[in-house]
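Student: Letter by letter, the chains look like this.
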Amino acid sequence: MELKILYFARLREALAVREEQVEVAASVSTIADLRAWLSARGGVWAHEFAPERQLRVAMQQQVVDADTCLVAGAELAFFPPVTGG
Amino acid sequence: MELKILYFARLREALAVREEQVEVAASVSTIADLRAWLSARGGVWAHEFAPERQLRVAMQQQVVDADTCLVAGAELAFFPPVTGG
Amino acid sequence: MIVVKVQTDDFDLSAEIAQLRHSNGAVGAVVSFVGVVRDLNDGAAVSAMSLEHYPGMTEQSITTIVEQAQARWSIFDALVIHRVGDLLPLDQIVLVAVTSAHRGEAFQACEFIMDYLKTQAPFWKKEQTPTGARWVDARVTDDSAASRWTQACVENNSTIDD
Amino acid sequence: MIVVKVQTDDFDLSAEIAQLRHSNGAVGAVVSFVGVVRDLNDGAAVSAMSLEHYPGMTEQSITTIVEQAQARWSIFDALVIHRVGDLLPLDQIVLVAVTSAHRGEAFQACEFIMDYLKTQAPFWKKEQTPTGARWVDARVTDDSAASRWTQACVENNSTIDD
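Chains as they are written, first to last, in this note's numbering: chain H, 1 to 85; chain F, 1001 to 1085; chain S, 2001 to 2162; chain C, 3001 to 3162.
Check each hint, because a few of them may be wrong.
Facing chain S, according to a computed beta carbon distance under 7 Å, are these residues of chain F, among others [as the list claims (entries may be wrong)]:
hint: 1; residue: I1005
hint: 2; residue: F1008
hint: 3; residue: A1009
hint: 4; residue: R1010
hint: 5; residue: A1014
hint: 6; residue: A1058
hint: 7; residue: Q1061
hint: 8; residue: P1081
hint: 9; residue: T1083
hint: 10; residue: G1084
Hints are computed from structural coordinates only; laboratory data are not their basis.
Owing to the predicted nature of the structure, the values given are computational and were not obtained by experimental measurement.
All C-beta atoms in this analysis are idealised placements derived from N, C-alpha and C, irrespective of residue type, glycine included.
Bound-form chain H, shown alone:
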């Protein structure tokens, strides 16, 4: 399954990636799976996607939970808790 992933704010800076296209195996079916998959890259990825790190995730520009199923071709976004307003 192909996915587009965006990173914002502190996460974008820490990973030094703004946007990427990824291809994940069928076993990666939920948001939680994707997070684990990214964490498995090791190094800064393991650090930033560690379970205790507070991250928000959006799919198709809507905030989703860890148990949400991934949709092929979707735009995902990972970001820290928001601080606007």
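Knowing the structure of chain H, use the given hints to seat chains F, S and C on it.
Tutor: Below, chains F, S and C without anything else, positioned relative to chain H:
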């Protein structure tokens, strides 16, 4: 006891009086007494100060209750419920 | 700082709020309320309005309520401008602006001050409608005004030296 | 009417509120919130700030929350302007303005929209302080974020055709 009395808004128009100095007997000791005293003038006064008419009263520019004691020389004001803001 | 103005002139919201913002670098939130003359009230078209007030008592009573708001919430400054005299539909009537570090306090204080202005501050509106001029009725729900006139005398705290 | 703008430029409060007032003669109340850059945050002097957002999601998510406010309260129009890019202390960050016939509805809707903006809308602040730049921490109270990552898969309603 001498008192200054102001009237505002609908009441001022109905009575055709904006302000007056009055001299009341010692038996007129509370706000309620003063209201009854004004009502006893009859005519439009009896109408406007009838017990069922909603009126607010201020003494020395502070809203007071019917049972508040009059203070000699004070500035009283009668007015309808307020409609500012 | 508390500023209370009763004036016939209109006010400029940007300028007033900019002054509040610039007076204190700790201001993070400005909540403001602007009251506006509606072109329809209680089912009648309104072509003009005039506002009367009780000079002296107005300023003093608003200042007192703003002090209460400052004692109750962590707010910095408050500005109240209330216009009197002749106004037209869509005109601004009143501005209440409150500054604070965080928004919750300013929202609550601003609404508190407005509630007071609406129910206690000595202002009265008279509207021009197709059937003539009329004093606006207060939105009073079952006011027990009549019964309040039948009680015993209680010594009042205020004196004429206040 | 709902207007949502994300922009680098400053905004003029008087002009924006005047437009809201003049769009509808039934408007009696305008409640507005202005967020301001503070010169001190979490104990550190702030010399500058930059704001990042998620283009597309920002506008869409704010519009959705304003629609929720319109469904919940009797309000007319709502205007949200959120600045992004570089800002200085005392600068305006955000404006939320809501119009209604009577004040209570506008106060509640305005605060509701601000609460959403603060906790859900995808904006992030980075501050310049004497010890360097830092991303502002969200005011999260005991967020159970970690535990949310350990649940079973549930079919999501949204599709990529949304």
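Student: Decide, hint by hint, whether the structure agrees.
Tutor: So, going through the hints one by one against the coordinates:
For I1005(F), the suggested interface contact is broken, since its CB lies about 13 Å from the closest CB of chain S, more than 7 Å. The interface hint given for F1008(F) holds, since its Cβ lies 6 Å from the closest Cβ of chain S, which is under the 7 Å cut-off. A distance limit of 7 Å between C-beta atoms decides the matter here; for A1009(F) the minimum to chain S is near 4 Å, and the interface restraint holds. The criterion of a C-beta within 7 Å of any C-beta in chain S is met by R1010(F), whose closest approach is roughly 4 Å, and the hint holds.
With a least beta-carbon distance of about 10 Å to chain S, the hint placing A1014(F) at the interface is violated under the 7 Å criterion. Below 7 Å, beta-carbon pairs count as interface contacts, and A1058(F) has one with chain S at about 6 Å; its hint therefore holds. Of the supplied interface hints, the one on Q1061(F) holds, with its beta-carbon coming within about 4 Å of a beta-carbon of chain S, less than 7 Å. With 7 Å as the threshold, the beta carbon of P1081(F) comes within range of chain S, its nearest partner Cβ sitting at about 3 Å, so the hint holds.
Evaluation of the T1083(F) hint against chain S yields a held restraint, the C-beta minimum of about 4 Å falling below 7 Å. This hint holds: G1084(F) has a C-beta 3 Å from the nearest C-beta of chain S, less than the 7 Å allowed.
This entry does not satisfy hints 1 and 5, going by the numbered hints stated previously.
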